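Asker: The lines below spell out each chain.
There are 4 protein chains.
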Amino acid sequence: MNWTPKNPDFKALVEKKLEGQQLMKRLNITLTKIEAGYTEAEIPFELMHQQQDGYVHGGLTATIADIVSGFAAYTLVAQGERVVTADIRTSYFRPGVGKTILARGRVVKPGQNFFFCEAEVFMVHENGDETEIAHSSSTMAVIKPKA
Amino acid sequence: MNWTPKNPDFKALVEKKLEGQQLMKRLNITLTKIEAGYTEAEIPFELMHQQQDGYVHGGLTATIADIVSGFAAYTLVAQGERVVTADIRTSYFRPGVGKTILARGRVVKPGQNFFFCEAEVFMVHENGDETEIAHSSSTMAVIKPKA
Amino acid sequence: MNWTPKNPDFKALVEKKLEGQQLMKRLNITLTKIEAGYTEAEIPFELMHQQQDGYVHGGLTATIADIVSGFAAYTLVAQGERVVTADIRTSYFRPGVGKTILARGRVVKPGQNFFFCEAEVFMVHENGDETEIAHSSSTMAVIKPKA
Amino acid sequence: MNWTPKNPDFKALVEKKLEGQQLMKRLNITLTKIEAGYTEAEIPFELMHQQQDGYVHGGLTATIADIVSGFAAYTLVAQGERVVTADIRTSYFRPGVGKTILARGRVVKPGQNFFFCEAEVFMVHENGDETEIAHSSSTMAVIKPKA
Chain A
1 MNWTPKNPDF
11 KALVEKKLEG
21 QQLMKRLNIT
31 LTKIEAGYTE
41 AEIPFELMHQ
51 QQDGYVHGGL
61 TATIADIVSG
71 FAAYTLVAQG
81 ERVVTADIRT
91 SYFRPGVGKT
101 ILARGRVVKP
111 GQNFFFCEAE
121 VFMVHENGDE
131 TEIAHSSSTM
141 AVIKPKA
Chain B
1 MNWTPKNPDF
11 KALVEKKLEG
21 QQLMKRLNIT
31 LTKIEAGYTE
41 AEIPFELMHQ
51 QQDGYVHGGL
61 TATIADIVSG
71 FAAYTLVAQG
81 ERVVTADIRT
91 SYFRPGVGKT
101 ILARGRVVKP
111 GQNFFFCEAE
121 VFMVHENGDE
131 TEIAHSSSTM
141 AVIKPKA
Chain C
1 MNWTPKNPDF
11 KALVEKKLEG
21 QQLMKRLNIT
31 LTKIEAGYTE
41 AEIPFELMHQ
51 QQDGYVHGGL
61 TATIADIVSG
71 FAAYTLVAQG
81 ERVVTADIRT
91 SYFRPGVGKT
101 ILARGRVVKP
111 GQNFFFCEAE
121 VFMVHENGDE
131 TEIAHSSSTM
141 AVIKPKA
Chain D
1 MNWTPKNPDF
11 KALVEKKLEG
21 QQLMKRLNIT
31 LTKIEAGYTE
41 AEIPFELMHQ
51 QQDGYVHGGL
61 TATIADIVSG
71 FAAYTLVAQG
81 ERVVTADIRT
91 SYFRPGVGKT
101 ILARGRVVKP
111 GQNFFFCEAE
121 VFMVHENGDE
131 TEIAHSSSTM
141 AVIKPKA
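Residue numbers (our numbering), protein chains in the order written: chain A, 1 to 147; chain B, 1 to 147; chain C, 1 to 147; chain D, 1 to 147.
The set of hints was computed from the structure by calculation and includes no laboratory data.
These numbers were taken from a predicted model, which means no experiment stands behind them.
Wrong hints could be hidden among the right ones.
Copies of the same chain look alike in the list, so a pair counts if it fits in one copy or across any two.
[What the hints assert, rightly or not] Calculated cross-link-like contacts (lysine to aspartate or glutamate; reagent style EDC-like; alpha-carbon spacing at most 16 Å):
no., residue 1, residue 2
1, Lys25, Glu46
2, Lys25, Asp53
3, Lys33, Glu120
4, Lys11, Glu35
5, Lys109, Glu130
6, Lys16, Asp53
7, Lys144, Glu19
8, Lys109, Glu132
9, Lys17, Asp53
10, Lys33, Glu15
11, Lys99, Asp129
12, Lys17, Glu81
Chain A extracted, bound-state conformation (with noise of 0.2 Å):
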């Protein structure tokens, strides 16, 4: 689906509130392509990053699975708006280990105060084959600058 951002300026925008993001920096999480109601981020799979049976830690796949669909409805809201995760499920597929995490979010349907988005979680190998780990589905709100 092709959406039309409010505001043009839109990667800037998201490429100033990524300098501010202290958990991504600390999971070594980085923000790879931003379009239109569209964003990916990539992880290169280490030891901090796994659970106690060498796979990808569940809850970095949520993380991950967060932050490609807020920025994706991010890249859609109007200059001085916010948007905050109201609700996300995330399914988990299989158990993920790989080369490197890579996290697709899109917008499904945008609105004047709620987006709902999706995202794809998926391990690279090493000869760049993906496989699908987990998928999730959230609602996240727009806030609005205070008048």
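Dock chains B, C and D against chain A, hints included.
Answerer: Just chains B, C and D, lined up with the frame of chain A:
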């Protein structure tokens, strides 16, 4: 609710799992209480846990909710069984700021093949007051040992 | 929790809404309690409510959970505002069979633009015992009147 | 996605289940397409399906989403296995009004014990145009026959 654990050594088993929890170490998340069907976790709130506005990152909130829910379920399974998150939905009540992030997770309905769990996430302030910042509902799947 | 309604006539407003609720009439769903931030509904369990094995159909369970949650939110909005379900997640604890289906819905966190609600659905048996069959969490959106 | 059914007679099994679906009869819901991992259902939109403003009741939307998702999963299980909804989350994109309610449900990830499914619900208008009114994600549990 009081659930009867199938394995009286559940506490030792949880503690063993914790040793390999790399993401918890990276994010300074500590499991502080382990009871049958119930666990608590805490995080001293620091810069690394923040999103761009200085609040707790929603991904961290989802992570700690997942951890206390999953371990709550794990206290009740039989020897050799494991627990994985099938899906988790987290609702965000308000932005989180304070001294400590505290999560309480409990089993709402145990079962042979899946557990329904809930978690509440709070900010604990300097004076000890607690503010609920998020709530999650999850379906945890039991993985049986290979016969 | 005790919430203060913005509109003291909330009960009359809910009752007015009920008059046009065709699906509730078709399925014999009655709203039996209306308090600030809380409602209950009941259904005498009949053949028409069943799925193929004689249990309560999950769609009906989701329907009654949505109804008590939405009306619980509606009791707390200001004059002229409406409430619509943004999203609802229902977990099914066990198959439902008994005399009466009973649902209790409450506001967990009110807000200007959205409400977080929860509902519990029970089967009430001949002897008055209640068995919880489902639980739901929902995000209810407030629709402001057109200026 | 193309899934291979374990039971080549899956269509006959679904049709047998439908005979006892009392709620579907009461609400005039018809399963109109049955493929491996995919089903569709339709409802001619009538007064009985409405909430107080003349739109499709959200409970009905959740019901048809649950039906097409559950039957999509059921087409892929082995002989003797059943499918029950563990949990389902439905997001509401816009109010529904039109001629026919149409739902498409599909298996996104099959498994031994769990299926992840999605459903899209549309209003079909007089001219044949479709408007998506809701989307759902669900976890369907497989119930094995008693040994």
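Asker: Which numbered hints turn out to be false for this structure?
Answerer: 7
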